[in-house]
Amino acid sequence: MGRNWVGLAAAAVALSTLAACGLGGPETSSAPAASASGEVKGKVSLQTWALKPKFTDYVQGVIDSFEKKYPGVEVQWLDQPGDGYSEKVLTQASGGSLPDVTNLPPDFALPLVKNGLLVDVAAADPKVAEDYVPGGVEGYRYAGFDGVYGYPWYLNTDVNYWNTELLTKNGLDPEALPTDLDGLIAQAKVMKERSGGKAYLMSRKPTLIDLTNAGVQVMAPDGKSFTFNTPEAAAILDKYRDAFKQGLMPRDVLTTKYAGNTALFNSRTVAWTTAGGNYITSLATDNPSLAPKVVPSPAFGTPPLYVQGLSIPKSTKNLPAAIALARWVTNAENQAAFAHLVNIFPSTKASASDPFFSQSDGTHSGDAKVIAFTSLAKAKILQPVQVTQAMSDFVDQQFALAISGDESSQKALDDAVAKCDQLLNG
Amino acid sequence: MTHKRWFTPWVLIAPAAVWLVVFSALPAVNTVILSFTDAKPLGGGGFVGLDNYTRMLDDRQLVDALVNSIVYMAVCLPLLTFLPLLLAVLVEKRLRGITFFRIAFYTPVIASAVVVGLIWGWLLDDRGLVNGMAERLGFLSGPLPFLTDRWLLLFSAISLTVWKGLGYYMVIYMSALGNVNRELHEAAAVDGAGRVRRFVSVTVPGVRNTMLLISVLIAVFGLRVFSELYILSNGTGGPGGRDMSLVMLIQMYGQGLTGQLGYASALSVLLFVVTVGPMLVLMRLNRKGA
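Line order of the protein sequences matches chains D and R.
Here this note's numbering is used: position 218 in the first sequence is 233, and no number is missing along the way.
Here this note's numbering is used: position 171 in the second sequence is 871, and no number is missing along the way.
No wet-lab data here; the hints were simulated from the structure.
Note that beta-carbon positions come from the ideal geometry of N, C-alpha and C, so glycine has one too.
Hints should not be assumed to be uniformly reliable.
To be verified - Listed next, the in silico EDC-like pairs over lysine to aspartate or glutamate satisfying Cα-Cα at most 20 angstroms (straight line):
{"#": "1", "chain 1": "D", "residue 1": "LYS364", "chain 2": "D", "residue 2": "ASP146"}
{"#": "2", "chain 1": "D", "residue 1": "LYS142", "chain 2": "D", "residue 2": "GLU348"}
{"#": "3", "chain 1": "D", "residue 1": "LYS426", "chain 2": "R", "residue 2": "ASP759"}
{"#": "4", "chain 1": "D", "residue 1": "LYS213", "chain 2": "R", "residue 2": "GLU835"}
{"#": "5", "chain 1": "D", "residue 1": "LYS332", "chain 2": "D", "residue 2": "GLU82"}
{"#": "6", "chain 1": "D", "residue 1": "LYS204", "chain 2": "D", "residue 2": "ASP257"}
{"#": "7", "chain 1": "D", "residue 1": "LYS142", "chain 2": "D", "residue 2": "ASP161"}
{"#": "8", "chain 1": "D", "residue 1": "LYS69", "chain 2": "D", "residue 2": "ASP94"}
{"#": "9", "chain 1": "D", "residue 1": "LYS260", "chain 2": "R", "residue 2": "ASP758"}
{"#": "10", "chain 1": "D", "residue 1": "LYS239", "chain 2": "R", "residue 2": "ASP738"}
{"#": "11", "chain 1": "D", "residue 1": "LYS129", "chain 2": "R", "residue 2": "ASP849"}
{"#": "12", "chain 1": "D", "residue 1": "LYS332", "chain 2": "D", "residue 2": "ASP140"}
{"#": "13", "chain 1": "D", "residue 1": "LYS67", "chain 2": "D", "residue 2": "ASP98"}
{"#": "14", "chain 1": "D", "residue 1": "LYS260", "chain 2": "R", "residue 2": "ASP826"}
{"#": "15", "chain 1": "D", "residue 1": "LYS426", "chain 2": "R", "residue 2": "ASP764"}
{"#": "16", "chain 1": "D", "residue 1": "LYS426", "chain 2": "R", "residue 2": "GLU886"}
{"#": "17", "chain 1": "D", "residue 1": "LYS213", "chain 2": "R", "residue 2": "ASP738"}
{"#": "18", "chain 1": "D", "residue 1": "LYS129", "chain 2": "D", "residue 2": "ASP237"}
{"#": "19", "chain 1": "D", "residue 1": "LYS332", "chain 2": "D", "residue 2": "GLU54"}
{"#": "20", "chain 1": "D", "residue 1": "LYS58", "chain 2": "D", "residue 2": "ASP94"}
To be verified - If you want the footprint, here are the derived chain R segments under chain D, 3+ residues with CB under 8 angstroms:
{"#": "21", "stretch": "740–748"}
{"#": "22", "stretch": "935–941"}
{"#": "23", "stretch": "955–965"}
Build the full structure now, drawing on both the sequences and the hints.
The structure is reproduced here in structure tokens:
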């Protein structure tokens, strides 16, 4: 092998270092929205997020009934896989090929709103605020932008879940579950002592949601800067740091992301987790021996509100059909049918009186559904939609440094705020 | 039959040349251009001069990522340059059952990096096999935080890379060893050289160019490490994000609908420059030795 070949190979590898990290170009501008008035006919596309194959029959049924109601319309349904959805939406938005009706949670919709890519559905359809619950509609209103940029679809919130077997085995009473952080820490001490440090109650680091719940204002009202580096926030982190130091939570919490607490719960390392109203039903399939031992209770403080919705891009060529389809998919009847299949909750005001959601069938899963439904009445979006994945990652890292004692809580918060501001305005 | 048309060689290299230009050269140039802008996936793109580069001076995570990438390279380079050579020399022998060892050493290469990373994660977890065995045998009183301590996590990832790479480089060395003149070994043996002396004075010079190529590949790979650190840290970059590599940092800034493509591109340019450094050193060594 000659040295020239070595040189060539080296050069190729070096070039790939740069090219492999190469990134796409900037956006393309959007066309103005088509007219909202007009007959509902022609082709219209609908994009959902990870609903196939589990809910294929349901979605297809909704589409079939829409096509039956509007005989001249043809719906093209695309379902995107769960992973990489934001990248898929980004590609579509950059190329001006977003489907006419696209499932976008509020944080995905925001960057598109900032670039003028989405239709203000409140302007095109003034009854939005009347027909949907305020929390859902608020999810699609953004500081600095007039209007509503999506039809609220299904809602969910967090419920506390407890492993009763671990609790009773370690001297704790499943009938006297903690209702706040201090209660959690107190019972976590009992569990540590009784289990000899083999089992834990606490299962995660704090998040921005916990700070909001403790009364900390995470972001300035104008949405232009972050404000969570307060002494109150530092006091919350200090509580977690002390708990970590006392061995009340596994070291894994330093390197677990969102849903990491559920993984620890599933492995029976910890006795508490938070998850959506559907958790026990999923657990019955994924971990059938654990599911019967799990009981739900309301989330600590104000429950977080998670919203899914359908947005319409300005690039749509068929706005009347897009609005009609988005309304059809999110109407009370279709949402209720969806919610009967899985523990999610309708965003329509008309569904509030449906006894299906307010009465348990006596199972723990049914109790969780009722707790979640009841919680929705006071649930709020607790993490500003301006928080991006990079911000979330950095905040998570700083909180890990604080609770491990590698940084003071105040320094970690100051660094997190500085970085979030830089990412927000950079 | 002979072909003497002037364009024949151009036609032959055209597919590779087009591929190189479209998928390597143009994206590389685009990355350099983006690094001087405030580009985002759905906006920006205005010229910001050296802002993205001056911002690096203030980025504490970048310092950690650089240190991690350099340590990764510095440890992997000697281990993956010499250990596979020793393995290749061993499995080259025609012994009964040697095929089993050849396959065993090569098996990690064909396994997916993600799958292997997950398995190592389970092994090294606080409640994993390694800690469990060590505690049961009385070597440890409590679990070693392989995955939750900055340096232990980094070296766990390095161990994974070395374990997974041994077989790959061993095979490259085996083909190079086939080209080493056996008569030289025999002549050295006749002159009284022992095994070690023959290895140092005959085998190593015989595979010198291969060794250099492997060094370059490992240096570049070490600086560009991603999968091992990402999987072992659950994508968090370790406690406090202090185990991020440069590529992880680029991914963090560049991903999603709100990615900062300008800064991520500037980091990519930095990675390129950092990668070229050790390569030039190795090339120089090669020239000196030629």
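Consistency of the hints with the structure:
1. A C-alpha spacing of about 6 angstroms is found between LYS364 (chain D) and ASP146 (chain D), which places the hinted pair at or below 20 angstroms, so the restraint holds.
2. Taking the CA atoms of LYS142 (chain D) and GLU348 (chain D), the gap is about 17 angstroms. The hint holds against a cut of 20 angstroms.
3. Proposed proximity of LYS426 (chain D) and ASP759 (chain R) is supported: the alpha carbons are some 15 angstroms apart, at most 20 angstroms.
4. Note on LYS213 (chain D) and GLU835 (chain R): the hinted pairing holds, with a Cα-Cα distance of about 14 angstroms set against a maximum of 20 angstroms.
5. Between LYS332 (chain D) and GLU82 (chain D) the alpha-carbon distance is near 18 angstroms, which keeps this suggested pair within the 20 angstroms criterion.
6. The hinted pair formed by LYS204 (chain D) and ASP257 (chain D) meets the criterion: a straight-line CA distance of about 11 angstroms does not exceed 20 angstroms.
7. The hinted pair formed by LYS142 (chain D) and ASP161 (chain D) meets the criterion: a straight-line CA distance of about 16 angstroms does not exceed 20 angstroms.
8. The hinted pair formed by LYS69 (chain D) and ASP94 (chain D) meets the criterion: a straight-line CA distance of about 11 angstroms does not exceed 20 angstroms.
9. For the proposed pair LYS260 (chain D) and ASP758 (chain R), the alpha carbon gap of about 31 angstroms is over 20 angstroms, so the pair is violated.
10. As the CA atoms of LYS239 (chain D) and ASP738 (chain R) are separated by approximately 18 angstroms, the hinted pair is consistent with the 20 angstroms bound.
11. For the hint linking LYS129 (chain D) to ASP849 (chain R), the alpha-carbon distance of about 40 angstroms lies beyond 20 angstroms, and the restraint is violated.
12. The straight-line distance between the Cα atoms of LYS332 (chain D) and ASP140 (chain D) is roughly 17 angstroms, inside the 20 angstroms bound, and the hint therefore holds.
13. At most 20 angstroms may separate the alpha-carbon atoms for a hinted pair to count; LYS67 (chain D) and ASP98 (chain D) meet this at roughly 13 angstroms.
14. At most 20 angstroms may separate the alpha-carbon atoms for a hinted pair to count; LYS260 (chain D) and ASP826 (chain R) meet this at roughly 16 angstroms.
15. A distance of roughly 18 angstroms separates the Cα atoms of LYS426 (chain D) and ASP764 (chain R); the hinted pair therefore holds under the 20 angstroms criterion.
16. At most 20 angstroms may separate the alpha-carbon atoms for a hinted pair to count; LYS426 (chain D) and GLU886 (chain R) exceed this at roughly 68 angstroms.
17. A C-alpha spacing of about 50 angstroms is found between LYS213 (chain D) and ASP738 (chain R), which places the hinted pair above 20 angstroms, so the restraint is violated.
18. Restraint check for LYS129 (chain D) and ASP237 (chain D): the C-alpha separation of about 14 angstroms stays at or below 20 angstroms, so the hint holds.
19. Between LYS332 (chain D) and GLU54 (chain D) the alpha-carbon distance is near 13 angstroms, which keeps this suggested pair within the 20 angstroms criterion.
20. Annotation: proposed proximity of LYS58 (chain D) to ASP94 (chain D) holds, straight-line Cα distance about 17 angstroms (limit 20 angstroms).
21. Check result for the stretch 740–748 of chain R against chain D: holds, 6 residues qualifying (beta carbon to beta carbon below 8 angstroms, three or more required).
22. Evaluation of the coverage hint for the stretch 935–941 of chain R: fulfilled, as 7 residues show C-beta separations to chain D shorter than 8 angstroms, against a requirement of three.
23. Here the stretch 955–965 of chain R counts 10 residues with a CB under 8 angstroms from a CB of chain D, which clears the bar of 3, and the coverage holds.
Violated hints for the displayed structure, listed by number in ascending order: 9, 11, 16, 17.
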